[in-house]
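**Q** Under our numbering, the first residue of the sequence shown is numbered 175, with each subsequent residue one higher.
Note that these hints are calculated values from the structure, not bench results. These numbers come from a predicted model, not from an experiment. For glycine and all other residues, C-beta sits at the position ideal for the given N, C-alpha and C. The reader is advised that the hints may include incorrect statements.
[To be verified] Distance condition first, Cα-Cα at most 35 Å in a straight line; then the derived DSBU-like pairs of lysine-lysine:
1. K299 x K183
2. K299 x K279
3. K183 x K279
4. K279 x K293
5. K335 x K183
[Claimed, not checked] Ranges of calculated distance between the beta carbons of each label pair, as one might list FRET restraints:
6. L281 x A253: 38 to 44 Å
7. S229 x G286: 22 to 28 Å
8. D294 x T338: 42 to 48 Å
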Amino acid sequence: LQLFYILRKFGSVALLGPGIALSLIRELGPVLCALMITGRAGSALTAEIGMMRISEQIDALTAMALNPIRYLIVPNIVAAIIVFPLLTSIYNVIGIYGGYLVGVKLLGISSGTYFSLMKDYVDIKDVLIGLYKSFSFGIIVSWVCCYKGFNTGYGAEGVSKSTTEAVVMSSILILVWDYSLGSFLI
Numbered sequence: 175l176q177l178f179y180i181l182r183k184f185g186s187v188a189l190l191g192p193g194i195a196l197s198l199i200r201e202l203g204p205v206l207c208a209l210m211i212t213g214r215a216g217s218a219l220t221a222e223i224g225m226m227r228i229s230e231q232i233d234a235l236t237a238m239a240l241n242p243i244r245y246l247i248v249p250n251i252v253a254a255i256i257v258f259p260l261l262t263s264i265y266n267v268i269g270i271y272g273g274y275l276v277g278v279k280l281l282g283i284s285s286g287t288y289f290s291l292m293k294d295y296v297d298i299k300d301v302l303i304g305l306y307k308s309f310s311f312g313i314i315v316s317w318v319c320c321y322k323g324f325n326t327g328y329g330a331e332g333v334s335k336s337t338t339e340a341v342v343m344s345s346i347l348i349l350v351w352d353y354s355l356g357s358f359l360i
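With the hints as constraints, model all of the structure from the sequences given.
**A** Shown next as C-alpha cells:
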C-alpha cells in the first residue's frame with residue numbers, strides 16, 4: 175500500500191507487483207517467517223527438550239544406550255531444514271496475493287499491470303536466494319533452540335530462562351545472518 179503512493183509519484187505504478195514480489199521473496203518472506211516460527215515452534219522445542227533435561231528423561235535415554243543427540247536433536251534439525259523453506263514459500267505466495275488484492279481491489283490497478291512485469295524482474299536466482307536464506311534460518315533456529323533446551327538449568331526457572339534465551343538469540347542470529355547474506359549475495 176505504501177509502495178503504491180511512492181511509485182505513483184514517479185509514474186511507475188506498474189512496478190508495484192515486482193516490488194512486492196522481490197521484497198517478499200528475497201527479504202521479508204524468509205526473515206518474518208523465521209521470526210514467527212522462532213516465537214512459536216522454537217520456544218516450544220526449547221521448553222520440551224528443557225523439560226526432558228530437568229525430568230532426567232535425557233539421562234534415561236543415555237542409560238538405555240540411546241544417543242540423545244541422534245534421538246532428539248537430529249530429527250528436529252532435519253524437520254526445520256524441510257519446513258522452513260516450505261512455510262516461507264507459502265508465506266510468499268500469500269503475501270503476493272495479498273498485495274494483488276490491495277493493488278487491484280483497493281487501489282484500482284489492473285491485474286495485468288500487477289503481474290505483467292513480475293516475470294521480468296523476479297528470476298530464479300531471487301527465489302533460490304530466498305529459499306537458501308530460509309534453509310539457513312531453519313538450521314540456526316533449530317540448532318540454537320535444541321542447544322538451549324539440551325543445556326538448560328534445573329527447575330522450571332531454568333526452562334523458562336533457556337526458552338527466553340533461545341528465542342532472543344535465534345531472533346538476533348536471524349537478523350545478523352540475513353544482513354550477512356544480503357551483503358554477500360547482492
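**Q** Are the hints correct? Go through all of them and say.
**A** So, going through the hints one by one against the coordinates:
| no. | hint | in the structure |
| --- | --- | --- |
| 1 | K299 x K183 | holds, 30 Å |
| 2 | K299 x K279 | holds, 30 Å |
| 3 | K183 x K279 | holds, 20 Å |
| 4 | K279 x K293 | holds, 21 Å |
| 5 | K335 x K183 | violated, 50 Å |
| 6 | L281 x A253: 38 to 44 Å | holds, 40 Å |
| 7 | S229 x G286: 22 to 28 Å | violated, 60 Å |
| 8 | D294 x T338: 42 to 48 Å | holds, 45 Å |
Consistency note: the structure conflicts with the earlier hints numbered 5 and 7.
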